[in-house]
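What follows is each chain in one-letter form.
Protein chains: 2
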Amino acid sequence: MSFDRLIKKIDEMNNPTVAGLDPKLDFIPQFIKDECEKKYGKTLEAAAEALLTFNKGLIDALYDIVPAVKPQCAYYEMYGWQGMRALYETIKYAKSKGMFVITDGKRNDIGTTMEAYAKAHLGNVDVFGESVAPFDGDALTVNGYLGSDGINPLLDICKKDDKGIFVLVKTSNPSSGELQDRKIDDKSVYESMGEMCENWGSDNIGEYGYNCVGAVVGATYPEQLVELRAKLPHTFFLVPGYGAQGAGAADIKGAFDENGRGAIINSSRGIMCAYKKFEFDEKDYAAAARKEAIRMRDELNIVR
Amino acid sequence: MSFDRLIKKIDEMNNPTVAGLDPKLDFIPQFIKDECEKKYGKTLEAAAEALLTFNKGLIDALYDIVPAVKPQCAYYEMYGWQGMRALYETIKYAKSKGMFVITDGKRNDIGTTMEAYAKAHLGNVDVFGESVAPFDGDALTVNGYLGSDGINPLLDICKKDDKGIFVLVKTSNPSSGELQDRKIDDKSVYESMGEMCENWGSDNIGEYGYNCVGAVVGATYPEQLVELRAKLPHTFFLVPGYGAQGAGAADIKGAFDENGRGAIINSSRGIMCAYKKFEFDEKDYAAAARKEAIRMRDELNIVR
Numbered sequence: 172m173s174f175d176r177l178i179k180k181i182d183e184m185n186n187p188t189v190a191g192l193d194p195k196l197d198f199i200p201q202f203i204k205d206e207c208e209k210k211y212g213k214t215l216e217a218a219a220e221a222l223l224t225f226n227k228g229l230i231d232a233l234y235d236i237v238p239a240v241k242p243q244c245a246y247y248e249m250y251g252w253q254g255m256r257a258l259y260e261t262i263k264y265a266k267s268k269g270m271f272v273i274t275d276g277k278r279n280d281i282g283t284t285m286e287a288y289a290k291a292h293l294g295n296v297d298v299f300g301e302s303v304a305p306f307d308g309d310a311l312t313v314n315g316y317l318g319s320d321g322i323n324p325l326l327d328i329c330k331k332d333d334k335g336i337f338v339l340v341k342t343s344n345p346s347s348g349e350l351q352d353r354k355i356d357d358k359s360v361y362e363s364m365g366e367m368c369e370n371w372g373s374d375n376i377g378e379y380g381y382n383c384v385g386a387v388v389g390a391t392y393p394e395q396l397v398e399l400r401a402k403l404p405h406t407f408f409l410v411p412g413y414g415a416q417g418a419g420a421a422d423i424k425g426a427f428d429e430n431g432r433g434a435i436i437n438s439s440r441g442i443m444c445a446y447k448k449f450e451f452d453e454k455d456y457a458a459a460a461r462k463e464a465i466r467m468r469d470e471l472n473i474v475r
Numbered sequence: 172m173s174f175d176r177l178i179k180k181i182d183e184m185n186n187p188t189v190a191g192l193d194p195k196l197d198f199i200p201q202f203i204k205d206e207c208e209k210k211y212g213k214t215l216e217a218a219a220e221a222l223l224t225f226n227k228g229l230i231d232a233l234y235d236i237v238p239a240v241k242p243q244c245a246y247y248e249m250y251g252w253q254g255m256r257a258l259y260e261t262i263k264y265a266k267s268k269g270m271f272v273i274t275d276g277k278r279n280d281i282g283t284t285m286e287a288y289a290k291a292h293l294g295n296v297d298v299f300g301e302s303v304a305p306f307d308g309d310a311l312t313v314n315g316y317l318g319s320d321g322i323n324p325l326l327d328i329c330k331k332d333d334k335g336i337f338v339l340v341k342t343s344n345p346s347s348g349e350l351q352d353r354k355i356d357d358k359s360v361y362e363s364m365g366e367m368c369e370n371w372g373s374d375n376i377g378e379y380g381y382n383c384v385g386a387v388v389g390a391t392y393p394e395q396l397v398e399l400r401a402k403l404p405h406t407f408f409l410v411p412g413y414g415a416q417g418a419g420a421a422d423i424k425g426a427f428d429e430n431g432r433g434a435i436i437n438s439s440r441g442i443m444c445a446y447k448k449f450e451f452d453e454k455d456y457a458a459a460a461r462k463e464a465i466r467m468r469d470e471l472n473i474v475r
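In order, the protein sequence lines correspond to chains A and B. Going by the numbering used here, the first sequence opens with residue 172, and the numbers climb by one from there. Going by the numbering used here, the second sequence opens with residue 172, and the numbers climb by one from there.
Calculated directly from the structure, the hints in this document are not laboratory data. The reader is advised that the hints may include incorrect statements.
Because identical chains cannot be distinguished in the list, a pair is counted as satisfied if it fits within a single copy or across any two copies.
[Claimed, not checked] Dumping the calculated SDA-like pairs for lysine to any residue here, alpha-carbon to alpha-carbon at most 25 angstroms:
#1 Lys227 <-> Arg461
#2 Lys180 <-> Phe449
#3 Lys330 <-> Tyr211
#4 Lys266 <-> Glu216
#5 Lys210 <-> Asn323
#6 Lys424 <-> Asp297
#7 Lys266 <-> Arg468
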């Protein structure tokens with residue numbers, strides 16, 4: 172079960188952190204952008220090359236202390252198919268360094284179309300008899316608004332190819348309550364979605380008690396985090412909202428089970444842009460990212 | 172307002188159809204695949220070239236009688252970044268022929284990340300001072316599970332760049348009711364989502380009374396289609412489910428307003444794979460698609 176692999180890595184490194192790779196050009200040091208512009212001009216190729224160079228520097232600085240990376244698809248699509256090539260190369264590079272890759276795409280559709288997304292991001296596709304992995308992440312974030320028809324096509328690939336998914340349950344943003352907190356028969360929408368996660372993953376439970384269907388639960392709602400941890404004992408959590416979105420280590424505590432397992436905490440800007448916060452020279456962005464990753468690790472380990 | 176452009180095209184062609192471009196390799200005639208395999212081998216490049224060749228043939232056969240195309244992102248992502256390049260080229264080609272392009276991505280995220288998707292698929296991105304349109308569709312399908320934080324970033328771009336969005340409201344699949352039909356204070360989730368659509372688009376209403384925030388409402392639920400048409404007078408509908416998913420022309424009737432406007436009906440496999448149904452030689456797949464598009468147009472015009 173894919174999350175067993177992730178949990179083992181978290182245990183080995185004693186670090187429940189995933190580094191978000193959301194490399195918009197604004198976040199990338201000028202010297203990298205200058206090099207790429209010089210080489211490829213004011214083009215999407217140049218932007219994509221800057222993304223990839225930045226990511227490789229971050230991965231080199233983090234792979235021995237951070238178990239996973241989470242590239243956010245939107246920031247690659249924003250630079251066109253050239254950006255999607257940078258996503259592919261980033262995933263390949265992170266995996267070559269032993270990192271677990273969570274592709275943050277929040278994909279959703281039905282039947283054969285959802286199967287196409289599953290093959291795109293987690294599985295293999297048949298190309299004239301050859302089996303090719305188009306993006307090859309270890310896990311994918313998905314949106315369950317369409318119900319089981321949108322999730323079932325993923326479950327087969329999760330089993331067959333040892334992959335996992337994270338379903339949006341209670342997201343970290345201020346307006347997440349507009350739909351997710353509304354009550355259906357005394358149960359909130361997020362609670363119903365959480366129960367569906369437990370159910371979808373119930374026949375693929377791994378050695379730590381977690382199944383292949385995880386949930387996205389924001390750290391910005393610490394009470395709901397505690398509530399959902401108790402109600403969803405087999406559901407592994409991906410927790411956004413730490414750092415730039417305002418949640419601190421104390422808010423995170425509820426995400427973990429009694430063994431300090433059961434969740435991985437995301438930091439994107441906090442790590443990527445640490446060079447701005449610590450007033451490092453931008454050439455040392457990778458060293459700054461490592462410093463912040465160590466600080467975050469130690470902070471999380473106090474509360475879990 | 173972007174849907175005014177679409178409605179004008181529908182009126183001119185007297186055809187409320189959008190042709191879905193979901194070109195998985197299984198749907199593509201063998202002679203196209205053979206040519207591409209010969210040229211590029213058993214690679215994603217070859218698959219992507221086959222997608223694009225197939226699409227161009229369909230567009231050439233349809234652009235003077237069908238107002239819009241809807242490429243489904245999943246079937247391009249399935250063939251990697253090479254497939255995404257085929258998506259980019261498909262959109263560019265369809266627009267060069269005057270077609271309205273609805274990118275079916277069901278994207279969703281929050282804040283600056285959703286803004287990145289909006290720029291990717293509808294807007295422009297700044298690349299070292301140059302403004303570049305990465306994919307440049309006219310409209311994008313989105314998922315509103317995250318609430319206003321996921322929709323607001325799109326509204327600015329819709330206004331500024333004359334684009335539109337379609338929010339998933341009541342989807343066409345069998346399990347759509349698992350969440351969408353559940354009741355919140357006597358209102359179904361899909362009804363609440365529909366009301367949010369009316370609200371999100373309320374300050375950008377065009378000359379036909381529709382705003383820039385449309386809704387996806389499946390033809391496979393004809394009663395809900397009637398209900399939602401009545402309750403959402405300013406929301407333009409994108410209606411999947413006709414043909415391969417089982418809905419017929421009579422089921423579609425409720426999607427239209429009293430002027431026969433207010434909706435566009437999708438057919439993907441029905442048009443793309445018409446050459447299989449009509450027993451055309453596969454080399455005549457484009458002529459078969461045109462024949463089916465004319466049949467569908469005439470059938471829809473009887474009921475609307």
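Among the hints numbered above, which are violated by the structure, and what are their numbers in rising order? 2, 3, 5, 6
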